[in-house]
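Below are the chains, spelled out letter by letter.
Protein chains: 2
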Amino acid sequence: MTKTLGKRTYNLNNPPTVAATAAVVGQKEGEGPLGRYFDSISYDSYFGEKTWEKAESAMLRQCFLTCCDKKNISPDEIQAIFSGDLLNQCVGSAFALKDFNVPYFGLYGACSTMGESLALAAMAIDGGFCDTVCAVTSSHFCSSERQYRFPLEYGGQRTPTSQWTVTGSGAAILCASGNGPYITHITPGIITDAGIKDANNMGSAMAPAAYSTLKAHFEDTGRSPEYYDTIFTGDLGILGHDAVVDLFERDGISLGKHYTDCGIMIFDLKKQDVHAGGSGCGCSASVFASYIMQGFERGLWSKILFAPTGALMSPTSTQQGESILGICHAISIESAK
Amino acid sequence: MTKTLGKRTYNLNNPPTVAATAAVVGQKEGEGPLGRYFDSISYDSYFGEKTWEKAESAMLRQCFLTCCDKKNISPDEIQAIFSGDLLNQCVGSAFALKDFNVPYFGLYGACSTMGESLALAAMAIDGGFCDTVCAVTSSHFCSSERQYRFPLEYGGQRTPTSQWTVTGSGAAILCASGNGPYITHITPGIITDAGIKDANNMGSAMAPAAYSTLKAHFEDTGRSPEYYDTIFTGDLGILGHDAVVDLFERDGISLGKHYTDCGIMIFDLKKQDVHAGGSGCGCSASVFASYIMQGFERGLWSKILFAPTGALMSPTSTQQGESILGICHAISIESAK
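So the protein sequences, as listed, match chains B and L. Using my numbering, you'd call the opening residue of the first sequence number 1428 and step up by one each time. Using my numbering, you'd call the opening residue of the second sequence number 1428 and step up by one each time.
Don't take every hint at face value.
No copy is singled out in the list; a pair is fine if it fits within one copy or between any two copies.
[Unchecked claim] With a straight-line cut-off of 20 Å between C-alpha atoms, the simulated DMTMM-like cross-links for lysine to aspartate or glutamate are:
{"no.": "1", "residue 1": "Lys1697", "residue 2": "Glu1504"}
{"no.": "2", "residue 1": "Lys1434", "residue 2": "Asp1558"}
{"no.": "3", "residue 1": "Lys1498", "residue 2": "Asp1558"}
{"no.": "4", "residue 1": "Lys1642", "residue 2": "Asp1503"}
{"no.": "5", "residue 1": "Lys1430", "residue 2": "Asp1558"}
{"no.": "6", "residue 1": "Lys1730", "residue 2": "Asp1673"}
{"no.": "7", "residue 1": "Lys1730", "residue 2": "Glu1646"}
{"no.": "8", "residue 1": "Lys1434", "residue 2": "Glu1504"}
{"no.": "9", "residue 1": "Lys1434", "residue 2": "Asp1526"}
{"no.": "10", "residue 1": "Lys1430", "residue 2": "Glu1504"}
{"no.": "11", "residue 1": "Lys1434", "residue 2": "Asp1503"}
{"no.": "12", "residue 1": "Lys1730", "residue 2": "Asp1669"}
{"no.": "13", "residue 1": "Lys1764", "residue 2": "Glu1653"}
{"no.": "14", "residue 1": "Lys1642", "residue 2": "Glu1580"}
{"no.": "15", "residue 1": "Lys1477", "residue 2": "Glu1724"}
{"no.": "16", "residue 1": "Lys1642", "residue 2": "Asp1656"}
{"no.": "17", "residue 1": "Lys1642", "residue 2": "Asp1669"}
{"no.": "18", "residue 1": "Lys1642", "residue 2": "Asp1526"}
Hints in this document: simulated from the structure, not taken from any laboratory. It should be emphasised that the depicted structure is a prediction, and the values quoted were computed from it without experimental measurement.
Please model the complete structure; the sequences and the hints are all you need to start from.
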């Protein structure tokens, strides 16, 4: 059976089961609308460490270990880890996972990392290379702000289009055998360039990438948006979400009321002063690894499309006048194979 | 047939052919011992651009396009690109490849990236997801020095153990069908921590990772070092190379005279003032995509093990007192399946 549908969708022959997930977040995320779905909420932004970078590693490590515990396996039973984060040289992931003696594939997909890691992890299982793998990522508001924008101590005013980087980590263990939910299809992202140069308007920069990948997914699979009980994009926030809705409406396609975005869900946009919504690798990852996957157990949905979005840029590229590139990887998860 | 040998080696059932490779380098690399094997040598360190970061993207783009030309296909016939580099947020790769409308998997493996990208690209083919994929990476001396160490204008003295970041890019197109050379086995790396904190002694920091992966490869496959005509590690330089030889000698294993390192090969260590050798993603990538793969055609070898090494660290992690982590991914390439 061919695994490729259309131009760029993989139809998995041996769909892996999402066997366990875990989400660890910070206080603000814990106080948001999804607070009760997370495995752990830290009221210490340092997670017991001395720096925010080390805090991010500690959070990711805790999330990985919690996920192993929930699957009732030891870390060394994991055959490969697919991980990355927003810190320069992805040190959040590397230092978090250095002690586990597990083959490590380091990724950089910006805030789309949970999509990229789930895609490659599922391919490693479907391709017959591994039976048990882990996809994990993180972001931390404090390490991210000082690296990408301003030192927190500076107290800069944030623009209305800006988003709030989620302090959170999400992990998923995929297994070759299991009773689902299954990863059935993958539509990998292409890099899109909408020409947007405002690093405080990431949602608009990433929306064309989400549109491109979702459109390719529908065309390749012959599915319509209604096929899915819910479609979740990554961290577009309210502006990016609305831009995606608009782009599809121009094609005469309604994404419907079951389309939402993890950046809108994780915070109370009216009460939590996060402007356009949440962002960061940890945004879609922690929402996926808690509310979304628990929704299968709770009977909220049986077929979802999870499409994390990422902005490929650095402070240096922005200073040199480059625009903000977008990418989005889409993953179908279904109760039945 | 099972694809997993031992603890962490994949035995590919449908080994992809390395159908074309290309290498683009800077002037210093062009003046080194391997100069005549590269496809293109730029005597302009800016590659026609205004900044070194844009120069790195231009070099990687040129390398990717040269590789497509050598395979006689257009870029949009590539079904997936696996790419990454050393720049913060891997902007070298993203901006180089933004215009090609090809599914993009961004990687961060530091200087081991060519090994990681070849591994995942080969798995995408062997797993049945793609027929034609590209693995590509780059590094640039000038963008790397100012990001990791000092501004070039500072004119800092380099320590004797330091290595010289290669200005170079290497690309490989892998195909499901072809007459070889074939990627037959993959041993992915685990993160190792040798406790070394001197960012000017990367070779020693990465040597234990190379030892770990090569040892696992020999144990998993039952092969001895003599099985291979030549074993190439990534960018250990002379100090790291000798450390790997020593580590195996403690086990009573001689790596033999056919073990060498891309960081030793690319420069004339006596005449080119590079101290311990070459480094950077572009080091192993450009040597692989030129001299090593041309060696199959020239009859120099028919079975090689290519094992790029990477140092997982950032200036921030080093400033915070963390040690330099190492990783190494090994790829068997053989004329016969």
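Can you give me the call for Lys1434 and Glu1504, within, between, both or neither, at a CA distance of at most 20 Å? Intra 35 Å, inter 10 Å, cutoff 20 Å: inter-copy only.
Classify it for me, Lys1430 with Asp1558: is the Cα-Cα distance of at most 20 Å met within a copy, between copies, both or neither? So Lys1430 and Asp1558 pass the 20 Å test inside a copy (19 Å) and across (11 Å) alike.
From the Cα coordinates, with 20 Å as the cut-off, is the pair Lys1730 and Asp1673 best called within, between, both, or neither? Cα proximity of Lys1730 and Asp1673: none, with 24 Å in one copy and 55 Å across.
Between copies, within a copy, both or neither: which fits Lys1434 and Asp1558 at Cα up to 20 Å? Close across copies (12 Å), not inside one copy (28 Å); limit 20 Å.
At most 20 Å between CA atoms: does that hold for Lys1434 and Asp1503 within a copy, between copies, both, or neither? Between copies only: 11 Å across, 37 Å inside.
Tell me, please, which holds for Lys1730 and Asp1669 at an alpha-carbon limit of 20 Å: within, between, both or neither? Answer is neither: 23 Å inside a copy and 55 Å across each miss the 20 Å cutoff.
Within, between, both or neither: how does the pair Lys1642, Asp1656 come out at a Cα-Cα threshold of 20 Å? This pair counts as within: shortest intra-copy Cα distance 17 Å, inter-copy 49 Å.
Cα distance capped at 20 Å. Does Lys1697 pair with Glu1504 within a copy, between copies, both, or neither? neither (44 Å within a copy, 47 Å between copies)
Using 20 Å as the alpha-carbon threshold, which applies to Lys1434 and Asp1526: within, between, both, or neither? Only across copies: Lys1434 and Asp1526 sit 17 Å apart there, 40 Å inside one copy, limit 20 Å.
Up to 20 Å between alpha-carbons, please classify Lys1642 paired with Asp1669: within, between, both or neither. within (16 Å within a copy, 53 Å between copies)
Is it within a copy, between copies, both, or neither that the alpha carbon of Lys1642 lies no farther than 20 Å from that of Asp1526? This pair counts as between: shortest inter-copy Cα distance 18 Å, intra-copy 41 Å.
Regarding Lys1642 and Asp1503, is the shortest C-alpha distance of 20 Å or less found within a copy, between copies, in both, or in neither? Between copies only: 18 Å across chains, 39 Å inside a chain, cut-off 20 Å.
Hint compliance for this structure: hints 1, 6, 12, 14, 15 are not met, and every other hint is.
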